[in-house]
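Once you've looked at the hints, dock chain B against the given chain A.
Residue numbers (the working numbering), protein chains in the order written: chain A, 1 to 292; chain B, 293 to 899.
Some clues are possibly wrong.
Label pairs and their calculated CB-CB ranges [what the hints assert, rightly or not]: (1) R544(B) x L192(A): 18 to 28 Å; (2) Q282(A) x D874(B): 33 to 43 Å; (3) K858(B) x P163(A): 54 to 64 Å; (4) T228(A) x L423(B): 25 to 35 Å.
Some chain A residues near chain B, calculated using beta-carbon distances under 7 Å [unchecked claim]: (5) L241; (6) G246; (7) F247.
Computed, partial: chain A to chain B, Cβ under 10 Å [claimed, not checked]: (8) P222; (9) P233; (10) I236; (11) R237; (12) R244; (13) L249; (14) D253; (15) T255; (16) S265; (17) G266.
By construction, these hints were calculated from the structure, which means they are not laboratory data.
Think of the CB as a built atom: it goes at the ideal place given N, C-alpha and C, for glycine as much as any other residue.
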Amino acid sequence: MGQNGTDSITPQSLAPETDAIDSSWDDDDPVSGVEFSSPEAPTTPGVRALAAPALPELEDELSFEDLNDDGDRVTAIPDVPAELLARELMSRAPQSAPPLEQTAPSLHDRETPTGPVAPGRAPSLELPFTSASTPKFAPIDDLDLAPPDPTADALPLPTVEPPPAPDPYVEMKDRYATGDFTGALIVAESLLETQPEDEQALRYASSCREVLTQMYAARLGPLTQLVTVGVAPDQIRWLSLDHRAGFLLSMVDGTSTIEEILDISGMPRLDALRILFTLLEQQVIVLAPGEA
Amino acid sequence: MERVIGIDLGTTNSCVAVMEGDAPVVIPSRGGYKTTPSIVAVTEAGKRLVGHIAKRQAITNAENTVYAAKRLIGRKWNSPQVKNAIMTSSYTIVEGPHGDVRIKLRDKTYSVPEVSSIVLQEMKIVAEDYLGETVTKAVVTVPAYFNDNQRQATKDAGAIAGLDVIRIINEPTAASLAYGFGKELDRTVAVYDLGGGTFDISVLEIGAHGVFKVISTTGDTFLGGEDFDARIIDWLVESFREEHDLDLRQDRMALQRLRDAAEKAKCELSTVKESEINLPFIISTGRNEALHLQRSLSRETLEKLCEDLVERTVDICRQALDDAKLDVDEIEDVILVGGMTRMPAIQRAVTDYFQREPNKGVHPDEVVALGAAIQGAALVEDKHEMILLDVTPHALGIMTFGSYFEELIPQNTTVPTSHTKVFTTSRDNQTAVKILVMQGESKKADENELLGEFILTGLRRAPKGHVEIEVTFELNTDGIVSVHAKDLETGQEQSIQVTASSGLTPDEIQSMMSSAQDYLVERRTDEDFEKARQEAETMLAEIERLFPDVERIVGTADFGRDAIVKARSIVERTQQAIDRKDTALLKEQIEQLARTERMFRGVVART
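Next comes chain A alone, as it looks inside the complex (with noise of 0.2 Å):
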């Protein structure tokens, strides 16, 4: 068991059609009990790796070949802003939602996906907003940017069916399937955005926010930890962040906890949990051990 508490990534609520949520959206987690991390080469900043057996829960559903499956790890958000790709989604999608589907998205689900995948879409070893791997998608219009050719008239070509629109319900599940629970909630909620009140939508963006929030959790490690800032206070400003990553870092004092900052920062623990995790990876924060 990972001593970050990443035994408990399967979502307290409800979670969708699944039987559990797979712990293994962490590919450096060592709690999967097979890719156990060295002790002496922390895999990320601020959380020691332990070399811990599997969880016994987990025994049972995950085998080798499952933790070589990167589908269910977590994926990057692609650069093609995914609320414009799920407003395009969401513009093809059929007035009236398909009802809710009983089969849970299984581990072998992820390995054949049943439903259509965003163009471009790979899952990825990164985190998202660790954007330099991240791969690039062209944007979903882009084809019809391309000149006329002159020659059209003459010789006109065989038209082509476009293929069918994606429905972004199939989008939703199929992402949380493959552990992409960010591109899941972004979906979920451009949905929630026209139907605010759409159960199947909002069991979604809960349980993904759910695991997200303890996947931003479980990376930064204890939240009893206190939070410095890395940086000089003259070289703050340069730095690349916005107003809510401004404000947070503000909040950094020294004495304070990341569970003190979650509390203050006024923000969705999500959201902050995220931010900071954003910080820590910039290495503008460092996490040293809080006092009882």
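This is chain B only, laid out in the frame that chain A set:
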């Protein structure tokens, strides 16, 4: 002998002190702070925040953050102060079941004493952590103008927090007590108290043998350090608007940062002449770029921005001396109370007005709590020469014809006491009189607090002024006022007993006490667990570090493999205990972990 703590339960900040040996000392919190903001908040996750942490989110979670609850304590729902608070507060104030005031935070409604009890409980915890023992007795200070209901509500807040408030004393009296501690003084002093949210000025006579008489007290409950901060915020917002055409007030995060920065700059400018305000990434523009705010504020600018606020305090001082019927030169010393009095402009204004340098011998943030601690110790040690006399904070009397207030027990009368006066009818053939029992100093009855009323009937029909009614006020040591009215001719009698009330029933107080106790137990348990968790995690990390070496050294032998399996099992059980937050199991595992760690170290050391 049990220690008694002294608590200055302020509108903006609170402070706790205790006698250590012969000297009173302020108790710092774990974070090293000597004062704690009197702010309570409930987060979205339902977690309760108190003090500095609550203050730091006061703007971003404004609807669920209570500040200045003291302005509401013991007040009735229909009082003008409550109406004013409803208009100005960011949190929701609702009517309680007994015409009292309640505050809504998230999905729960709290009485005002309950909110104050949360602050008092925090002070109790600070004291217990420092002293290493349970604290159950306290002396709590209140403004001199607090009436009996407000004092009772403060006592109830203490009871809810698990504190027996053995005495309520006036803030200026506590300040004078600390000022005069260890000295034989006989003089008239002014206590100038400019806190975070309120301003009070009191004139006291300090006599020999522990006589501290408040001659006059007045103030403004909406004038304090926050107003000075607001001026700095306005200045920053305005200059940013001029530069970027953006209103920082529209963004709560920006406003929270501005408030924190303004307060910091204000404090700095008490000691330096210029302060840098640097708020990077304060707001994002529509073009998705973040802007920085960087300004330099000089002391001179700050003083210009706040000139009128300082002047207002001087006007109120003038009023206090008028009320006391004293000239400025009759004031023999000025005691400064409240962090704002560190501001050089304030000190200059006080010096100019009172024509003397204010006393520098007492700490403005701590002096009130120190005085309360002195009084607490004197009460339990029975040091009569230092025990303050328990006096009526306000005059007691009845309303007479023409809506005038007729005083029966004057302000500052030592209790217990009894006073009688004879009144006559005001109309011809009047057969009944209504006795309205009131508290206050105003000659106009409607400006005083109505405590209760009753009717004396069966009077003889006679021309006005011919029927005599004797009214007697009795005030006992518990603050209970009994009023009797008697027709002197017929002997017909009627009476009423008025007990100060916080607006809470005894059952409600009991239930709140039990909730507060539960919270305390839960918090202590969490702290206990947290301590154990950290201890365990330190050992876990060390064991994990040693595991590869141990496996390499003894892993091939049977006994070695057994030991490794056993160690793994201990590590796992420890993790389970952490995950389940099982403190008892975790403590058991800590012993096992310590043995494992020793064994591992031994194995590695032998090679």
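Verification of the supplied hints:
Between R544(B) and L192(A) the Cβ separation comes to about 24 Å, which falls inside the hinted range of 18 to 28 Å. For the hinted restraint 33 to 43 Å between Q282(A) and D874(B), the CB-CB distance of approximately 37 Å keeps it satisfied. In this structure, K858(B) and P163(A) meet the distance hint of 54 to 64 Å, their C-beta atoms being roughly 59 Å apart. As the Cβ distance of T228(A) to L423(B) is approximately 31 Å, the hint placing it in 25 to 35 Å holds.
A hinted interface residue such as L241(A) counts as satisfied when its beta carbon comes closer than 7 Å to some beta carbon of chain B; here the least separation is about 5 Å, so the hint holds. Taking 7 Å as the C-beta cut-off, the interface hint given for G246(A) holds, the closest approach to chain B being about 2 Å. The criterion of a C-beta within 7 Å of any C-beta in chain B is met by F247(A), whose closest approach is roughly 4 Å, and the hint holds. Contact between P222(A) and chain B, as hinted, is supported at the beta carbon level, the nearest pair being about 7 Å apart and thus within 10 Å.
Below 10 Å, beta-carbon pairs count as interface contacts, and P233(A) has one with chain B at about 7 Å; its hint therefore holds. Among the interface hints, the one on I236(A) holds; its C-beta lies about 5 Å from the nearest C-beta in chain B, closer than the 10 Å criterion. Checking R237(A) against chain B: minimum C-beta separation of about 4 Å stays under 10 Å; hint holds. The closest approach between the C-beta of R244(A) and any C-beta of chain B is roughly 7 Å, which is under the 10 Å cut-off, so the hint is satisfied.
Because the smallest distance between the Cβ of L249(A) and any Cβ of chain B comes to about 7 Å, under 10 Å, the interface hint for this residue holds. Nearest Cβ of chain B to the Cβ of D253(A): about 9 Å, under the 10 Å cut. The hint holds. Among the interface hints, the one on T255(A) holds; its C-beta lies about 6 Å from the nearest C-beta in chain B, closer than the 10 Å criterion. Hint status for S265(A): holds, given a least beta-carbon distance of 7 Å to chain B, under 10 Å.
Checking G266(A) against chain B by beta carbon gives a least distance of about 3 Å; that is within 10 Å, so the hint holds.
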